[in-house]
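Could you put the whole structure together from the sequences, leaning on the hints where they help?
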Amino acid sequence: MLSIGYVLKRLLQIIPTLVFIVVVTFLIVRLLPGDPASAILGDKATDAEVARLHAEMGLDRPLIVQFGNFALRVVQGDLGTSTAVKLPVGRIVLDRLPATLLLTVMAAFLALLLAVPLAFVAALRQGRLGDTVIQGCFQVGLSMPVFYVGLILLTVFAAGLRWFPVGGYGDTYLLHLYHLFLPALTLALSLAAVLMRNLRTAILDALTADYADFARAKGLPTRVVLFRHVLRNALISTVTLFGLNIGTLLGGAVITETVFAIPGAGRLMIDSIYARDYPTIQGLTLVLAVLVSVAFLLTDLVQASLDPRVAQ
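Quick note on full-length UniProt numbering: the sequence shown kicks off at 1 and runs consecutively.
Careful, some of the hints might be misleading.
Listed next, with one range per pair, are the computed distances between beta-carbon atoms [said to hold, decoys possible]:
hint, residue 1, residue 2, range
1, Val19, Arg52, 29 to 35 Å
2, Thr208, Val23, 24 to 30 Å
3, Lys218, Val156, 48 to 54 Å
If you're looking for bench data, these hints aren't it; they were derived computationally from the structure.
The beta carbon of each residue, even a glycine, is placed where N, CA and C say it ideally should be.
Dropping the structure here:
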């Protein structure tokens, strides 16, 4: 059971991370080569039009004043206004974010669904045909880029067999799940390969550990030894690895949403880059970075619940 003190400690430790995220997000636009206002308006813009947009974006003020205003708006939940569609960035991100979050959650669930049982099979059949086949299949999947895996699944199961739609997101929750299955599987395969290899090694180590030998010596059934003692300890390192890959899943969503034409935050990022919509790029980067930080925090809490020594 996690102590309230440890949870509060971890919550306080995330504050410097959030401050750093706000600073880096603010500097994104300022460190890009060229003038943001000129890039947005194009080469044919007049000096008066550039000066007007400078004033609208607050770029005509001292840097420290710009940062103060930006940080104050962020605290108030104001991410600015899109220069492409003239709508609040917060509203645009909130409209697109659910699709990306659902895609990420589905991919994480599928990765665990594949990795945990196959890791058990591979570990318990170490050196046999089952172990070799499982590791070989995942090694092939791990070596292929995400967009290539997505194109293969799209060609075979959508365009060929017509089991799944070619793209889109659907209008109802069930249709969301149906449309996102192939994209989620695309993201899940590479993560499942990483988790499976790590968990297989951890299970092999746990099977020969003293606590497993002691449990068997007490006469506990094999099933109890495996699930109560071996799996619990083997999952500690895997949970950490899983948490570290949440950012990779969100990054992969940018490519996957483009391949499968999903109107999510990843595709919004690509569209905003092409449109030179700097406020949207800035706001979306901030939101995604905060989500990754929260995912790391939750990972630490889960790890501490599995291994109480972490919370000491």
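ask   = Range hint 29 to 35 Å: satisfied by the CB atoms of Val19 and Arg52?
value = holds (32 Å)
ask   = For the pair Lys218 and Val156, does the Cβ-Cβ distance stay inside 48 to 54 Å?
value = holds (50 Å)
ask   = Given a hinted range of 24 to 30 Å, is it respected by the beta-carbon distance of Thr208 and Val23?
value = violated (47 Å)
Violated hints amount to a single one, hint 2; each of the other numbered hints is respected by the structure.
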